[in-house]
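Visitor: Single-letter residue listing:
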Amino acid sequence: MIEAKNVNFYYGDFHALKNINMKMERNTVTAFIGPSGCGKSTFLRLFNRMNDLIEGTRLTGECLIDGQNIYDKSVSVVELRKQVGMVFQKPNPFPKSIFENVAYGLRVNGMKNKKEIEEIVERSLRQAALWDEVKDKLKKSAFDLSGGQQQRLCIARALAVSPTVLLMDEPASALDPISTSKIEDLIYALKKEYTIVIVTHNMQQASRVSDNTGFFMLGELVEFSETKKMFLNPDKEQTQNYITGRFG
Amino acid sequence: MNTDKQLKFRNTARRGAKWLERGVEGLFTASGWVSIVIVLLITIFLFKEGFGLFQSPTVEKGYVLCVHPSNPVERLNASQIKHIFDYETTSWSEVGGADLEIRPFRFEEIFDYYAEEEFGPDYEFLPDKLAEVVAGDEGILAFLPEQYLPADRSGIKIVEAGNITVTDFFGGREWLPTSTPAPQFGALPLILGTLWVSFFAILIALPLGMGVAIYMSELAGERMRKVLKPAIELLAGIPSVVYGFFGLVVIVPLVQRAFDLPVGETAFAGCLILAIMALPTIITVAEDAMRNTPLAMREASLSLGATQWQTIYRVVIPYASSGISAAIVLGIGRAVGETMAVLMVTGNAAVMPTSLFEPIRTIPATIAAELGEAPAGGAHYQSLFLLGCILFLITLVISVSAELISKKQRQAV
Numbered sequence: 050m051i052e053a054k055n056v057n058f059y060y061g062d063f064h065a066l067k068n069i070n071m072k073m074e075r076n077t078v079t080a081f082i083g084p085s086g087c088g089k090s091t092f093l094r095l096f097n098r099m100n101d102l103i104e105g106t107r108l109t110g111e112c113l114i115d116g117q118n119i120y121d122k123s124v125s126v127v128e129l130r131k132q133v134g135m136v137f138q139k140p141n142p143f144p145k146s147i148f149e150n151v152a153y154g155l156r157v158n159g160m161k162n163k164k165e166i167e168e169i170v171e172r173s174l175r176q177a178a179l180w181d182e183v184k185d186k187l188k189k190s191a192f193d194l195s196g197g198q199q200q201r202l203c204i205a206r207a208l209a210v211s212p213t214v215l216l217m218d219e220p221a222s223a224l225d226p227i228s229t230s231k232i233e234d235l236i237y238a239l240k241k242e243y244t245i246v247i248v249t250h251n252m253q254q255a256s257r258v259s260d261n262t263g264f265f266m267l268g269e270l271v272e273f274s275e276t277k278k279m280f281l282n283p284d285k286e287q288t289q290n291y292i293t294g295r296f297g
Numbered sequence: 004m005n006t007d008k009q010l011k012f013r014n015t016a017r018r019g020a021k022w023l024e025r026g027v028e029g030l031f032t033a034s035g036w037v038s039i040v041i042v043l044l045i046t047i048f049l050f051k052e053g054f055g056l057f058q059s060p061t062v063e064k065g066y067v068l069c070v071h072p073s074n075p076v077e078r079l080n081a082s083q084i085k086h087i088f089d090y091e092t093t094s095w096s097e098v099g100g101a102d103l104e105i106r107p108f109r110f111e112e113i114f115d116y117y118a119e120e121e122f123g124p125d126y127e128f129l130p131d132k133l134a135e136v137v138a139g140d141e142g143i144l145a146f147l148p149e150q151y152l153p154a155d156r157s158g159i160k161i162v163e164a165g166n167i168t169v170t171d172f173f174g175g176r177e178w179l180p181t182s183t184p185a186p187q188f189g190a191l192p193l194i195l196g197t198l199w200v201s202f203f204a205i206l207i208a209l210p211l212g213m214g215v216a217i218y219m220s221e222l223a224g225e226r227m228r229k230v231l232k233p234a235i236e237l238l239a240g241i242p243s244v245v246y247g248f249f250g251l252v253v254i255v256p257l258v259q260r261a262f263d264l265p266v267g268e269t270a271f272a273g274c275l276i277l278a279i280m281a282l283p284t285i286i287t288v289a290e291d292a293m294r295n296t297p298l299a300m301r302e303a304s305l306s307l308g309a310t311q312w313q314t315i316y317r318v319v320i321p322y323a324s325s326g327i328s329a330a331i332v333l334g335i336g337r338a339v340g341e342t343m344a345v346l347m348v349t350g351n352a353a354v355m356p357t358s359l360f361e362p363i364r365t366i367p368a369t370i371a372a373e374l375g376e377a378p379a380g381g382a383h384y385q386s387l388f389l390l391g392c393i394l395f396l397i398t399l400v401i402s403v404s405a406e407l408i409s410k411k412q413r414q415a416v
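Residue numbers (my numbering), protein chains in the order written: chain H, 50 to 297; chain V, 4 to 416.
For the record, the hints were derived by calculation from the structure and aren't laboratory data. Wrong hints could be hidden among the right ones.
[Claimed, not checked] Here are the simulated lysine to aspartate or glutamate pairs, EDC-like style, with alpha carbons at most 20 Å apart: (1) V/Lys-64 with V/Glu-52; (2) V/Lys-410 with H/Asp-193; (3) V/Lys-8 with V/Glu-24; (4) H/Lys-145 with V/Glu-302; (5) H/Lys-139 with V/Glu-52; (6) H/Lys-72 with H/Asp-284; (7) H/Lys-188 with H/Glu-171; (8) H/Lys-54 with H/Asp-115; (9) V/Lys-229 with H/Glu-171.
[Claimed, not checked] Residues of chain V clear of chain H, computed beta-carbon distances all greater than 12 Å: (10) Ala-154; (11) Ala-303; (12) Ser-304.
Please read all numbers here as calculations on a predicted model, not as lab measurements. Even for Gly, the Cβ is constructed at its ideal location relative to N, Cα and C.
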């Protein structure tokens, strides 16, 4: 249901993404791997139009979600982002309380009912496997949490808006192994309800959590196939070299 | 580890370099201390001079007030004395005496009573003549030089006027530092005048400044910002006398015409010019604070489906709140301490402020206008220093409270 057709992307004169075509199905986890600067994060950020914030960028081709081109003039970016949530590389909670962080998306969408907000906050925190750790200190600042807890808070915050797609840009790269494994379990559990796209540097992580994997290099999608196949028997030599750690 | 080689930790730097380093270090330390000492000295000097005012007598130095010996009045305060000599208080009953008309008598009037020859060649008979005048009028209040008081004081009674009090200064509603016999040092109109214009100036400058700051940090394109920012910073560098001149030539007539006033030199003109002067500070500081909001915060907000406006007022402004309150404080500080421009456009009438469309006078304008003509060491001179102390305290209170507010906000968010 997510589809990229002949996508080219430019930062000024720099050709960052070269003619990319890809299809991702509903309720699957897709991982993007590749060396730094290969364009995988840029590609991810196309799907909630985060690249719009960067001046001097240009896009050709089509990004479709459920058949609609999300770069069409009739599309509201705000509505799009409510459907396509995002978790960033570094945990970036707001300088507000834990509760207010999760409630933020509800409040900006105009939800006023206090009880409803409380319910959704609790549900989201439970989904993000954080509820038991924070239920007694919801009024405390989000900055009092550890890095791993902050990242799960950010996931809860994204879930609270009830998106259908969740984009994750190296969500565990700044975390310790225990927090990382918690996030991975979480991704696995969330797959039932969400379509997840995750960028990662960590190949084991990609092989553990994802159904399909895309390998990017120098702005090109070198290979895109089922994760098992990709890691056991890749079609391209470049992929083989990267996965076995011969470069990158 | 390689056992053949002995590790050495001796300092091999050249001795000269070491001494130079130490010298520079000492220089920096010394400059820190020197600036602390200078600040302390200025503060001590200011307060010492200022509080000297409360040791000054209410009546001009070297003079006394005398009444008829039968008069029961023992004390008079500064404003009572002033009103008596202005013929506003006319009966002793109003100041605690008998129901008798007051006859204010200034020393010079003695020459209307007697011909100059009668005082003798060296004015040796003058004290007796003065005593005669005082003794001859039961309602008299005579203002006499101490040196001409008669040796025999049975015929006169000296009225206590005491020293200038704290309530005279902070509660007095009249600022007439050169009035005789009792100068009036009521600082209330000046304090209120300062707070009044500063408050309304900030009321004008704040929404405007925040608007421009938000535009510059959030909405304007890179090219627009590159033009706007230096232009606004240039505005901050214009000398205040030039602002005052601009105010006098442009704003004052404009205010006069727009509101159909008898004079344009009003508190409102002062507010406008102060608002213009405080704007660059407010804009640059607030804009810097908002621009410092990390991109990650904006991205987080936008990715949750917040609009740009929601992101600005729910994330950017709270995040920049301590910077914004710093901007407000600096703006207020500029407004409170501004001298020249305000002096030029507010009309400088030391009256209690009642309307924005009347002349007003501020503390800094008073100091600037009057210090030149106040005799050094006199009560007037000291009163100006005391005004300086008040100004110092006002700005201190503002900056401390702003510090507290921003600290609280940082804890709350």
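Visitor: Does each hint hold? Answer for all of them.
Guide: Hint-by-hint comparison with the structure:
1. With a C-alpha separation of about 17 Å, the suggested pairing of V/Lys-64 with V/Glu-52 holds against the 20 Å cut-off.
2. Restraint check for V/Lys-410 and H/Asp-193: satisfied, since their Cα atoms lie roughly 17 Å apart, inside the 20 Å limit.
3. Restraint check: the Cα-Cα separation between V/Lys-8 and V/Glu-24 comes to about 31 Å, which exceeds 20 Å; the hinted pair is violated.
4. The hinted pair formed by H/Lys-145 and V/Glu-302 meets the criterion: a straight-line CA distance of about 16 Å does not exceed 20 Å.
5. For a cut-off of 20 Å, the pair hint linking H/Lys-139 to V/Glu-52 is broken: about 58 Å separates their Cα positions.
6. For the hint linking H/Lys-72 to H/Asp-284, the alpha-carbon distance of about 18 Å falls within 20 Å, and the restraint holds.
7. Taking the CA atoms of H/Lys-188 and H/Glu-171, the gap is near 13 Å; set against the 20 Å cutoff, the hint holds.
8. Using a Cα cut-off of 20 Å, the hinted pair H/Lys-54 and H/Asp-115 holds, with the two alpha carbons roughly 13 Å apart.
9. About 46 Å separates the Cα atoms of V/Lys-229 and H/Glu-171, which puts this hinted pair outside 20 Å; it is violated.
10. Residue-level check passed: V/Ala-154 sits 81 Å from the nearest beta carbon of chain H, beyond 12 Å.
11. The beta carbon of V/Ala-303 is not kept farther than 12 Å from every beta carbon of chain H, the shortest such distance being approximately 5 Å.
12. The non-interface label for V/Ser-304 is inconsistent with chain H: the shortest C-beta to C-beta separation is roughly 7 Å, within 12 Å.
Taken one by one, the earlier hints fail for this structure at numbers 3, 5, 9, 11 and 12, listed in ascending order.
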